[in-house]
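**Q** For the record, the sequence lines run as chains H and V. The first sequence runs 0 to 982 under numbering that gives the first Met the number 0. The second sequence runs 0 to 370 under numbering that gives the first Met the number 0.
A portion of the hints provided could be inaccurate.
[Unchecked claim] Simulated pairs of lysine to aspartate or glutamate, EDC-like, Cα-Cα distance not exceeding 16 Å:
(1) V:LYS267 with H:ASP655
(2) H:LYS11 with V:ASP130
(3) V:LYS154 with H:ASP310
(4) V:LYS154 with H:ASP34
(5) H:LYS737 with H:GLU388
(6) H:LYS649 with V:GLU159
Hints in this document: simulated from the structure, not taken from any laboratory.
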Amino acid sequence: MNPQERHYNINKLNVIFAASSVLLLAALVWLFVDDYSRGWKDYQKEFRALEIQKTRLKHSQTLSKLQAQEEYQSLGKVLEAARKDFAANCNSKELGKETAQQGAENDLLNQDYKFTKAGYDAARYRYESAAAHHPEDAGRAKEEFDRLDKKIQELRLAVERSNQAMKDREERSKACGAKLKELERKERVLAKDSRILETKLAKIDPHQMNLANRMADVVRDSPIIDFANPNYKIEQIVLADMREDLNFIDVPRVERCVTCHLGITNPDYKDSPQPFTTHPDLELFLGNESPHPLEEFGCTVCHGGRGRGTDFTSAAHTPSSEKQGEGWKEKYNWHELTHWDRPMSSRPYIQSGCFKCHSGQMVIPGAEKLNLGINLIEKAGCYNCHFIEQYKNWPKPGPDLTKLASKISKEWAYRWIDNPHAFRPDTWMPAFFNQSNTSDPQSVRRNQQEIHAIVHYLFNQGGEFALERMPSAGDPKRGEEIAASVGCLGCHQVTPPEEDQPTTRTLLRRLHGPNLSGIGNKTSSEWIYSWLKDPPQYHPETRMPNLRLSDGEAADVAAYLSGLKNSVYENVSVPALDEKVIDEVVLTFLSKSGTLQQAQAKLLSMSLDEKLDFSGLRLIRHYGCFSCHNIKGFEKDKPIGTELTFEGSKTPHQLDFGFIPIDHSAPAWFAQKLRDPRIFDKGRVKPHDEKLRMPNFKFTDEEVEAIVTVVLGLVKDGPPSKIVPRTMRNLFLEEGQKMVRLYNCQGCHILEAEGGAIQPTVKEWLIRYENRSANEAEAVVPSFSPPNLVGEGKKVQPKWLFDFVHEPVTIRPWLKVRMPRYKFTTTQLNTLVKYFSAQDNQEFPFAEKTDTALSREERQAAEKLFSKDYFDCAKCHIIGDKLPEGSPENWAPNFALAKERLKPQWVMDWIKNPQELLPGTKMPAYFDPTSLDTSGPDDILNGDEHEQIRVLRNYLMTLTDSYGTPVADAPASLPQTPASASF
Amino acid sequence: MESIKHFINIISAPYVMFPLILAVFFFIFPPTDRLLAIHKKLRLYKLWTNGGGIALFSSLIIIFAFGLTDSNFRRIVTKPDNVPIAGLIFLVVFFLWWSMKQAWENDERMAQGQGPREAEDAKEKVLVWPDLVYIELIALILCTVLLIVWSIFLKAPLEEPANPTVSPNPSKAPWYFLGLQEMLVYFDPWIAGVLFPTVIIIGMMAIPFLDTNEKGCGYYSFRERKMAVSIFMFFWLVLWVFLILVGTFLRGPNWNFFGPFEPWDISKLEALTNVNLSEIIYMIWLKQRLPQNIFLREIWGFLLIFFYFGAAPLLLAKTFLKNLYARLGSLRYSLFTFLLLMAVSLPIKMILRWVFNIKYIVAIPEFFFNI
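Go ahead and model the full structure; you've got the sequences and the hints to work with.
**A** Below, the structure is given as structure tokens:
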């Protein structure tokens, strides 16, 4: 072709074409490299190096340990000798030659036999066929057949003989090597651990591989062919029963976290750097024996995040602080994965994951922060304004205000509403006023009048509480001692709170009731007296029990309490009523339900009292006071706050961040909201009644963190297959725990290994009033504290428990602290009884009947055992009115109650091994549980310990208040759960 | 620096930017001789020289470089979805400049009595192979390289799993429909979403039958078809590309307008105080209540529409477009004016909205019929 005909210079085009082709090639190579090089592969390589290093170390350690073993060393010597011996006698050259030759001959003979047999079968067919179709040929065929028949008989004999000879030879050789084999087996057993490590090393360590394997090791990871079986691949766990909701479809959860977190279940990597570190608590999580094995639970169901992500960012990691985020940006090029609705929980809120499945439980063992958060929500009563499904039907936390006028003065009420924390820094009453969005002079002025209106309404409800007259003025000193000893301090504090005290659940138990320091400024001694005598009289739903104080005791305590003064409020002036501002308030509310003109007309027709009443009512509704307090006129009002049942599922765009420059994440918003509930009004211009009104509880940072942990756990997407099952037992436990929490049983008792918050005050009482030294007091505190209720379900009869909680009787007369009387309903009492039964896996309500009858001989034996000569039970135990000798800290419960109170089986278990049932008990062990059959006295009932325990138990069951008087010979056997039908 | 950004934020608001473009546009692409004279006087044709091209491009690059120092601008422009639209700006400007440069050169040659440059090309014989196929192949390879490199740098912009209860804010149409979505601000959905797209397609199909000017075939020229080029450029550049850019870069949450340096605040509120024509006439001018009768209420709107589409072409045929009418004949003329009026109604409506807060000319929500 004539080059002139071309429009473009072909040479130039060729160059451009070549250049662009090279460019394309480069781009393709780049594409492959980019696709092939993944971050997780680097981690896997790093991990492999670490694994090799660790295995080598372990291997050399095991090996040197093994080699240091005397047994192994001597075995080695013996083994060597045996090998030599074997080679010389059982496996010599000549012998080998001989065997080989014989084997060859034998094989040949066998083959000959098989072939002849084949020829024989064919000859038979030919003969049969000839006889049937060609009789003329039959004779020849028969000849051939007979010849082969004869041959085969001979061959068969020869083969059998040869086979036998071979077998004999084998057996001889085996017998000769048996010793060596046994020695080798022993060696293998000894060196097992080291062998395993060797095999592992051969698999992962290139230096331990042969050339072919080493080449394969490289080749299997090369691009394109790495689809088959590469070393470095994405590891994943598919959880078919845990679904991920993608709105239009739900798919199984797929957890690829283990692609990089390679050492997560292996305790060897405890000190390795991230991402290889072992999980910090393998006993609780991920371990095969743990309640949450990795293969069943995966990672994201607790941690959140994107299980399918395989790089640092796409897994939706969340930093625990801004600083860490900055570090991650530098190190991993991390950024927030804004398009994933469920990012990983950051470390401070990690326990929120537990709540997805354990949301019904009152206590989640091991999740201390979450538990604290749950307790705080209960104390602060969040669920009263914000409906939370879990807290449906929980009582209001605040006192009844319908009879307020009998308790406090209007001025005091004003000051309290205005600033409760000034008077009582640890109060749960939150501050509604003087907040960040109501601090401008205009708001302050309006708030002052609002408080006046609220106080006016509260004092105008007309509820009456007749104050009882105190029998005497009371002795404050005696009152103080009573208060310190009977159990008040299990729930109340009488001194102002210490500053910077970390909030713990034990502390919260001691803050169950209000702090009583300053109560003398709040109310009168008559009111305190009347309250102590019968709390429900004033507040029908109160959780304050009746401590069964006599009139004199109550008067003393009232005198003491009214002497606790706090004069903070005396310097606070109450501003005067300003009708103009009240008018503003009234108008605001009136104009909401009508036109402005109507409102103004209405306003003109109202007297000041009416205005105050009207605005008080509307303000109480506006601020939601009725949510926590009983107030007349609000019996049917609904909670005023946002429902929180699924608050943790909220995404940041459902939250109003206003103009506050914080991280746009849900946890940051919740934390900010709790620290300053009004903060998101900052910079906003709003009319007074549209301002945010959540009150300020003055939570500390750690409290905020705990509450946010709970809120983040209130989610929709708990995996149904993993949620703690709603079995009867679990329900009994949850219901019981709820009551335990509401009535603060753990303020005094130890339950589920927690509680006994009162003990430090008991110690103080011992030091102050019983003249014990600090050490001594420490030692005897458990003896003077309310009993530990571990195993109570196993120990006591349900009927007795029911009756006891309903109307307590004295079991331990040496205790000053008293079991109070609660006004529990039958349902509540049953809940408690069921709770204790469920705790100890007891059958409820029916139990096996036990025969506790005694024959004459048995009774005598039992009396002997009981006597001073043997166990001397009466040395510590009270029997009816008879008190033991010695100091009260060694006293033990009344035997006269045993029959009605204790479960027969428990009594036997208890005598057998008290330490097992109640670790640390003072009850001596008369029998040795490890060798029971030899530990008891030999001269009673022929030294049969089981019998001894049984008769002693049966004897105890016969004891009554009138101990010492003769008892009839054969008391009827006692029915055990006699009145279970009464539940 | 901040004040420059603030200034740019203000002038990029459509109600400032659009009139500004409108004011300048017909001097850059003059449809008539008189405007052409001004164009020459202002030496605007310098844009279509190499120097002009360099100036255009360097100013674009400076604007982008300046913009990228700002985090908001950077966040919007570098979003993987938006990168192609940023590229579109450069491509459109380049090809505009390239074609206009050739057109201007041809015009100069023809003014001197020579034929267009393409006339010389026509004498040359060009073979499909290798001349065409070869360069196509090279172009293909280079495009593939570009796409590969692009895909390595920018990952697919995947978002969270679609959730029927959460709609993204802003909800944006695909980029090529953003012009239509922008029209929704000014028109009822049935007009912006149904009528206009149909008319656009029909109108483009009708172009060969309406444009009887045989000049400018096979070569670039501006002066020989000033009116046609200018009208096309107006619709293409201003009513299509510009609206796409506004829709991509300047419309944020709740379809609110945000300047290029303004953070997308989800709670930004703008007062909605638009009124219908009937309300203006009855309530504001006549100080009356709106008539109960729908037809009576909307009569003024209907009259206006009738005048716009019925009477205006007649008046124009007698006055401004007398020559055009003579050249096209009545059928072509009426079709042409109908399409033109239809298209011009968009800028008219935009201006009515900004100046008079007009919501609808005819508003019959009772029948979902609004114009």
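**Q** If a hint holds in the structure, say so; if it does not, say that too.
**A** Cross-check of the supplied hints:
Note on V:LYS267 and H:ASP655: the hinted pairing holds, with a Cα-Cα distance of about 12 Å set against a maximum of 16 Å. As the CA atoms of H:LYS11 and V:ASP130 are separated by approximately 12 Å, the hinted pair is consistent with the 16 Å bound. Pair hint V:LYS154 plus H:ASP310 holds up; C-alpha atoms about 14 Å apart against a cutoff of 16 Å. The straight-line distance between the Cα atoms of V:LYS154 and H:ASP34 is roughly 12 Å, inside the 16 Å bound, and the hint therefore holds.
Distance hint between H:LYS737 and H:GLU388 is fulfilled; the C-alpha atoms sit about 14 Å from each other, no more than 16 Å. For the given pair, H:LYS649 sits about 15 Å from V:GLU159 by alpha-carbon distance, which is consistent with the 16 Å threshold.
Hint check: no violations occur; every hint is consistent with the structure.
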